[in-house]
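J.: Chains as they are written, first to last, in my numbering: chain P, 946 to 1590; chain F, 88 to 229; chain H, 3 to 330.
Treat the hints as calculated values from the structure; they're not laboratory data. All figures in this text were calculated on a predicted structure; none of them were measured in a lab. Built from N, CA and C at the ideal position, the CB exists for glycine as well. Keep in mind that a hint or two might mislead.
To be verified - Simulated DEER-style distance windows between Cβ atoms: (1) H:G254 with P:H1460: 51 to 57 Å; (2) H:L186 with P:E1078: 38 to 44 Å; (3) F:D183 with P:L1287: 52 to 58 Å; (4) P:E1078 with H:A118: 47 to 53 Å; (5) P:R1589 with F:D183: 56 to 62 Å; (6) P:A965 with F:S200: 23 to 29 Å; (7) F:S200 with H:R299: 29 to 35 Å; (8) F:T115 with H:E235: 49 to 55 Å; (9) F:T115 with P:H1288: 38 to 44 Å; (10) F:S200 with H:G254: 53 to 59 Å; (11) F:D183 with P:E1078: 50 to 56 Å; (12) P:E998 with H:L219: 50 to 56 Å.
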Amino acid sequence: MSEEPRVGVFICHCGLNIAARVDVKAVSEYAKTLPNVVVSHDYVFMCSTVGQELIKEEIKKHNLNRIVVAACSPSMHEPTFRAAIESAGLNKYLLEMANIREHCSWAHSDKEAATEKAKDLVRMAVAKARLLEPLEEIEFQASPTALVLGGGVAGMRAAIDLAEYGFNVYLVEKSPTLGGRAALTGWLESDKRGADVVNNLINKIAENKNIQVFTNAELIEFSGFPGNFTAKIRVNPRYVNERCVLCGECEAECPIEVANEYQYGLSRRKAIFFPFKAAYPPMYVIDQRVCIRCGECVKACRYDAINLNKQPAILELKVGALIIATGYDPYQPPKGEYAYGLHSNIITLFQLERLLDKDGPTQGKLIIGGSIPRRIAFILCVGSRNTTPNSRNYCSRMCCTSTLTNAIKIKERYPSTDVYVLYQDINTYGNDESLYEQAGEKLVKFVKFEDPPVVDIGPEGLVIEVREVTIQEDISIPVDAIVLSVGMVPRRDVTDLISITRVSCGSEGFLREAHLKLNPVEAPTSGIFLAGAVTGPKNIIESIRAGSASASKVAALLSKGKVKAEPFTAIVNEERCSGCRICIGICPYKAITLREVDGRKVAYVEKALCMGCGTCSATCPSGAMQQYSFKDRQIIEQTIAAIRR
Amino acid sequence: MSDNNYEPRIVVFACNWCTYAAVDLAGTSRMQYPPNVRVIRVMCSGRIDPQFVLTAFKQGADGVIVAGCHPPSDCHYISGNIKALRRYTLFRRLLDELGIEKERFRLEWISASEANKWVKVVNEMVEDLKRLGPIKIEVGVV
Amino acid sequence: MNSRPKVAFYWCASCGGCEEAVVDLAEKILDVVNLVDIIFWPVAMDFKVSDVEALPHGAITASFINGGVRLSEHEKVVKLLRQKSKLVVAYGACACWGGIPGLANIYRLEEVLERAYVTTSTTVNPERVMPSQSGWVEVDGARIEVPKLLPSLKPLDEVIDVDYYVPGCPPTPEVTWNAIQVLLSGKLPAKGSVIGASSRSLCDECPLNKTKPENVLIKEFKRVVDFVPKPDECLLVQGLPCLGPVTRGGCGALCINANMPCTGCFGPLDDIHDYGGKAISFLGSILDLEDEEQIRREISKLPDLAGLVYKYTLAKSSLKNLLRSERK
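Bound conformation, chain P alone:
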C-alpha cells in the first residue's frame, strides 16, 4: 500500500442499545489516540441517513481512506456502511466494523468493563482497517437455465414456475417416469388422490416448451459456480422409443417377472413395463437390471419401438442453478419389527394406499391375505420417534394425517370392519385436526400406548399386545391385518448426491438448508436449492410449496443476467510459491491447480471457484497463499491489538 492510512472512526449509540452500557464518548475520545486515526465521531444512529451522511462528509473533509464503524453486528449493517462509503468515492471494502452491540453492550452489564471492551474492539478494528486493501466484487455472466433434479411434485412445481419466469429448465428424473411418490400416494382429500395432483403437473410440463425432461437419467458430475455450473447427466437407455403406443403386447411375451416397486411390492411386473396409468413419458421401459435380452419383446412389437442396442448417453448441461428435489424413501421396517416380513397381512401405510387406490393391484378393494379384513389395526410412529431400536428420532409429520385419512376411508367403504389406531400422539396438525374428530365419529377405535405394542402370530392369527395407558390396562387385540404407519427416511442414494454436489446433510441424513429461517430452501452452497422431502419429512402441500419457493430463489439469482461474488478469494504470491502442491488437495472446491510461470510450476487459484474459506492460506507452509481481507498480517495485527493496549 503506497498511501498512508487515514482512518475515520464512527461510534454508534444505537439509541440506548449501546450507549446505555458503553460510554460512547469515551470510546470516541480513545479512538482519537490511536495511530493513523484522523477523526472520530459518535452519533445516535450511524445507520440512519444522517449518520451515513456524517461518514460521507468526513471522508471528503478529511480525505479519509479507511473507515471503522463501531456499532451492531456486521451481519446487520455491513452492506449499509459499505454502500455509504462507496457513494463517497471510497472502495467499499475499506470498511471494518467493530461489534460493540451484540458482542458487547447487550451482553455485559458492567458499564466500565463494557466500555473497556468497546475500546479494545475499536482498537482491533483500527488495526485491521490500516491494512485493508481496495477489492473488487467478482462478476460472472449467469446462464438463464436451471437444472431441477427430481421429477416428483416438488421438482415439477419448481420446473413449471421457472418456465413461467422465462427460464429454460432441465428436469432430470432417475426413474423412468415423472410423478415421484405422490403418484402412488392415496387419498389427500375425499375426492383427490396424489395421482390427480401429479397428473395435473405432468400435463403442464408436457405442454411447456421451456422444460426439457430427461427420465431414466441421473446426475453424475457437478461443478462450477453460481450462474455457471456444468452438470453431467447420464441418460440410461429405456430401449423403447416414442413409437410405442402402449399396446402391451411386449409385456405379454416377456418371460421375466419381478416385484413391482410402483405397487410397493404388492404385485409383480415384467422386465418390460409401463410404470403406472399416467406415467410420463407415455412409453414402456425395459428394466436393464433384470432383462435377459431374449428379444421376445422385439418380436412382439408391431411398431418397431424397441431397440435393445441403445447405449447410455452422457450429456453436459450448462446451468445457472440447481434445485435438488429428489424426495425420500419410506421407512422399511427390518424383518421382525412388529412382525413385519413374517406374515403377509402385515403391510406398510404405503402399501395400504395402493390397495385403496382404484388404479392399484386390487382396483381399490381392501383385500389383504385374500379377503377383506374384519378387523384392521394401524400402528403409528413406525420407524419414527425412537419407538424401536431401528427408529429415527424425529416425527415423520405426515403419517398421522395419512393414517386417519385412510382409516376414515376404510370405515366409509367397509362400515363393518373394525379399525384400530394404536398411537402415542395424534399429530394431525392444522386443519387436519378435523380428521381426528371424523375418525372418532366413524367409530375408529383409538388405543394409546407408551411402550411399543407387540405383534404375536398365533395359531388363530395376528394378535397385538399393548398396554393402553388411558385405562392403564394390558389388552390383546386380535386382528386380521396390521398397517404399519411408517415414516420417511432419506433416500439410500443421497450419499452419492452429496459427494457429487457437495451439499451437506444433517445428522439424520436429510439435506441441510443454509438456515431454516434466514435462508429457507437454500443449500449452504451458493446456487444450489433444496425442495421437498429431501430436506426432511413433508406432506405433498409442503413439498409443492418448497418447489415454488426454490424456483423464486433461482429466479432472484439469475434474473439480472449476472452473478456477483464477494472478493474474499485466495491469492498466490507466485514469487514465494515453491510449488509444493500442498494447497491443492486441501481446497474443498478444487479451485487450485498448478500452473507454469517463468519455468516453475506454482499454485493458481481459479477465482470463480474459490469460495473464500481461507483454509489454503492457513495450510500454505510458505505463507505464499493469502486470503484477501483475511491476510496473515491483517489478522495478526488484529490479534496483537486484542491484547496490547
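Given chain P, work out where chains F and H should sit, using these hints.
T.: Quick look at chains F and H alone, frame taken from chain P:
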C-alpha cells in the same frame, strides 16, 4: 498467585457462519456473560492458523479459543472445520509438551443457534483461568 | 598495515559444525583468506579477546558469529564484537534461532543442570557437583573467572543487533560462499535479510517434488526408524513428516538426497511468524482423517512434537517466554 484484580484476557477466533453468529445471538437474546473475551472474525475455522493462536499467547493472552462449526458436516465451506480439528489436535499436543496448562486453549464447535453453549464456554474458561492465574510471560517483542 | 577488510569469527554455544562449514569451503577458503584479514577466530587462531578490545569501534568489517548465547562469556564477547564491527552476521541455525541447543529452553536452568549432571544414566555424581553459578571458582587459592550459565539460550539477535542471517545447521559451503559474495559485493541487501539461501521453501529445489500426486494427503505418520523410504517418491507422501515445505531452501536438498526427510535446519521463510506453528498447520491439514479419536491416535505416534517442529527454532518460538516460567 491469586491476584483478586486479575481478569483473564481471552482471545477467540470465531468462524463467521457458526460461532460468530452464536455470539451475536447471545447478545440479541441479552444473555449476560463475562466481558473477558475478544472475538476475531474469520470466514471459516479452516483459516485459523496456529500462528495466530501463538501470537495471542505471545502478547499475553491468558487463554485462547478456536471455534467453528460442528464436524463433520456443518462447515459452510464443507471441510474447513475438519482441517481445524486436525491442526488443533496436533497443536494441543504441542502445548502439553511445552507444559502450558490445557485449560488455556480450547477448540470448540459452536453452531449458530448455540448461544447458550457460547455463554457456557466463556463462563467455564474464565473460571478456569481465574483459578490458574495469569499466564506467566515476559511480553515479547513482535 | 594492509587495507583488506577485517573479519572475525566467534563461536558461542556451538557444536563446532559451523566452524567446520567455513573450513568446508575447501579451496575457496584460500580465496577468502586472500580477500580478508581474519583478526579473531578462537577455534583456529591464537588471537585474544583483548586484541579485539584494542581495536577502534567499527574496525571489523564483518563478524560471523555462530552458536547460541548461553554463557555470560558469550554475551560479553558478542557485545564486544558488535561494538567493533560494521556488520554482524548470525551464522548458522543456533545464532539465527537458537538451534538445537535452544530446545533446552523447554526446561528451567535447574532442570537442565539436574539432568546433565545428576540424572543421566551414565553419570555418577552422588555429591551433586554442579558448575559454579557464582562466576568464579577457587583453585589453589586463586580465583578463576568461570562464565555463568544464562537462564536460557538466546539467539544472537536477542543480545545484539544483527545485520544478516545465514541459515543452516550448518550452512552449506555453497550457501556460505553465496553469503560471502553478497557481503563483499558492495550491494548490501536490506538489513535483517537472510542471505546466501533461497527465498522459497525446499520443495522448490527438491528432486522429489514432481513425484507428488495431485492431492498431497497422508493417512498416517511414519518415522524413519519404521521403514526404508522409496528414494524416488516424495517422503512426505510416504508418510514421513518432512518439513521441506515449510523450510527455506538453498541447501540443495542434501537430506532428501540421502533418503532422509528435511528437519528444518534452514529455518523459516520471510514473513513467517512462527516456524513451528506453520509446520503444525500444514502437517495437521494434510492428515486425511475425520474422526477425532483417529487423529489423536495418529498424532500420538510422533514421540516428540516440539522436537520435530521446533528442532532448530524453539528459542524463537512465540511461546519461548512462557517456557521459562514457573510451571507445574
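J.: Each hint should be assessed against the structure and marked as holding or not.
T.: Results for each hint:
no., hint, result
1, H:G254 with P:H1460: 51 to 57 Å, "holds, 54 Å"
2, H:L186 with P:E1078: 38 to 44 Å, "holds, 39 Å"
3, F:D183 with P:L1287: 52 to 58 Å, "holds, 56 Å"
4, P:E1078 with H:A118: 47 to 53 Å, "holds, 52 Å"
5, P:R1589 with F:D183: 56 to 62 Å, "violated, 27 Å"
6, P:A965 with F:S200: 23 to 29 Å, "holds, 27 Å"
7, F:S200 with H:R299: 29 to 35 Å, "holds, 32 Å"
8, F:T115 with H:E235: 49 to 55 Å, "holds, 54 Å"
9, F:T115 with P:H1288: 38 to 44 Å, "violated, 55 Å"
10, F:S200 with H:G254: 53 to 59 Å, "holds, 55 Å"
11, F:D183 with P:E1078: 50 to 56 Å, "violated, 39 Å"
12, P:E998 with H:L219: 50 to 56 Å, "holds, 53 Å"
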